[in-house]
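Protein chains in written order, with numbering that gives the first Met the number 0: chain A, 0 to 140; chain B, 0 to 409.
Any given hint could turn out to be false.
With a straight-line cut-off of 20 Å between C-alpha atoms, the simulated SDA-like cross-links for lysine to any residue are [to be verified]:
id, chain 1, residue 1, chain 2, residue 2
1, A, K40, B, G240
2, A, K40, A, P54
3, B, K189, B, L201
4, B, K189, A, D56
5, A, K40, B, K189
6, B, K189, A, R48
7, A, K40, B, P237
8, A, K40, B, L201
No wet-lab data here; the hints were simulated from the structure.
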Amino acid sequence: MRTGVFILIGLAAAAVAAEPPRSAYVVIVHPANRVSRVDRKFLAEAFLRRATRWPDDTPIHPVDLGPDARARIRFSEDVLSRSVASVRSYWQQRIFSGQGLPPPELADDESVVAYVLGHPGAVGYVAAGTALNGATVLEVN
Amino acid sequence: MNDRAMERLDLTPSLAKRQQHGRRLSTRLPMAALVAFLLAQRPAAAVELTLPGQLPSLDVHAFISQGFLLTSANDYLADSSRGSFEFSEVGLNVTLPATDRLTLGLQIFARKLGPLGDYRATLDWYYLDYHWRDWLGIRAGRVKLPFGLYNDISDIDSARTAVLLPQSVYPAQNRDFLLAQTGVEAYGYKRLGPAGALDYRLYAGTIFLDVKPQPGSPLAVVDLNVPYVAGGRVQWLPIDGLRLGGSLQFLRLDTDLLLASISAPVAVKIPATLWVASAEYTVHDFLFAAEYSRWLVTTQSSNPSVFPEGSTTSERAYALASYRLNPWLQAGAYYSRLVPNVDRRTWPAGIQHDFALTLRFDVNQYWLIKAEGHYMRGTAGLSSSLNGNVPLSALTPDWALFAVKTTAYF
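Please build the complete structure, drawing on both the sequences and the hints.
Next comes the structure, spelled out in structure tokens:
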């Protein structure tokens with residue numbers, strides 16, 4: 000009996016170890032977007048509005064979650080290599096010096112999915128497990 | 000513009016005039032504080048105004064700041080030795096992304112900083128921006144000058160930790176000369192593969208200046224203009240968060256001065272060359288920055304016996320660090336050094352060391368409060384006219400500044 004329990008625990012542990020770590024968010028684009036994989040640096044430039052066009056010349060429309068959203072915090076650290084507060088400071092500089100506007104901030108994952116589906120050049124991120132309703136997941140290198 | 004040249008031209012209103020404004024200020028300050036309070040109580044993201052028909056929406060942002068300055072000795076930027084609330088800023092901007100390449104924007108700005116500003120609303124910047132490619136865009140209008148890391152954001156309290164940016168490189172009293180130019184600007188961002196990216200801005204234009212009456216001054220400014228201002232800033236971004244750059248600026252200030260004792264005006268030309276080398280590293284919640292700058296200012300006069308000619312090179316430098324301890328608290332520190340004339344580093348009027356410590360409290364996303372202490376050694380950054388025309392060498396050499404500022408913004 001005890002041997003069986005150990006085997007079960009061992010198998011469960013092995014299954015957990017074999018599963019790749021799941022990201023807290025997924026990056027999504029409009030289904031018409033032909034890009035399926037993107038470089039992290041390009042994605043960062045898109046969200047800082049330094050890169051403004053996809054390779055096919057479609058304007059990029061990045062969209063953010065609110066500053067307290069867990070997916071926003073993880074995305075900011077992973078992709079932009081800055082805290083959300085630091086990114087907000089960056090946008091304060093841009094807004095009030097006339098250099099540009101930040102991506103719109105939407106209230107929840109569902110709103111981001113709807114925005115992405117409504118704008119051909121849009122790119123956003125939502126918490127893993129959110130219903131994507133046809134939005135394409137973008138792989139980030 | 001060179002501080003000494005400004006001091007010689009006496010472009011600041013007299014102390015008496017400032018005291019008059021101080022009385023009017025007493026009624027305005029509570030109003031400004033009330034507006035700030037109300038704004039902060041009503042959290043809102045950028046206001047988006049939808050225009051009729053198929054027109055794109057307007058994006059609206061604003062900020063309002065009220066500060067307080069107190070010095071242990073000497074008057075600095077305002078009548079600070081008695082404590083001064085003459086430290087206010089208000090800005091409102093609208094941006095219209097007309098198409099995916101064309102953007103229009105403008106900002107209205109008013110301020111009061113000691114003798115400067117008088118709450119008069121001005122068009123701080125306005126532009127037509129055509130973003131052709133990421134590596135080339137054109138702006139035309141009145142555009143903030145990209146000089147160093149922070150010149151174009153020196154009004155924007157919410158974008159930094161410190162109350163006062165290092166005054167050696169970003170002197171608040173020179174805002175009219177150094178903040179914006181009217182003309183054109185080309186800008187771009189070029190990816191360099193594994194070497195990172197380049198961010199660049201080149202500009203040329205002029206600066207429009209008001210001639211203000213100066214009661215009591217022996218010199219009357221008849222005419223004042225800037226025939227040209229031109230320059231650029233190039234920044235290399237080799238890795239995430241790191242900016243290494245250089246800025247160069249050329250400008251000339253032309254003025255005609257009239258003396259009571261002489262019938263013919265004295266024509267004075269003041270060409271200036273300014274450069275700054277910059278480094279900034281932002282990683283997670285840390286920020287480190289350092290800049291070194293030299294400004295060469297030459298004075299050419301049609302009557303040197305009345306207004307002497309000369310050439311001065313000033314040296315300006317600082318190093319700063321800041322760290323966000325948690326979402327609502329940020330701490331910062333910097334050391335800044337000003338030498339107005341590298342050939343005359345006399346103590347105490349020929350140098351100023353500034354050691355600053357700041358705490359920034361973000362009450363919420365739209366309201367912040369800052370407290371800052373400075374220990375100053377030297378008097379080179381002071382203004383003689385703000386201190387009863389006492390020579391800088393006779394002012395208190397070791398002194399302290401305490402500043403508090405609150406800003407509401409969206």
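Evaluation of the provided hints:
1. A:K40 <-> B:G240: holds, 12 Å
2. A:K40 <-> A:P54: holds, 15 Å
3. B:K189 <-> B:L201: At roughly 14 Å apart (the allowed maximum being 20 Å), B:L201 and B:K189 satisfy the hint.
4. B:K189 <-> A:D56: holds, 16 Å
5. A:K40 <-> B:K189: holds, 13 Å
6. B:K189 <-> A:R48: OK: B:K189 and A:R48 at ~13 Å, within 20 Å.
7. A:K40 <-> B:P237: holds, 12 Å
8. A:K40 <-> B:L201: The given pair, whose Cα atoms are some 25 Å apart, is violated under the 20 Å limit.
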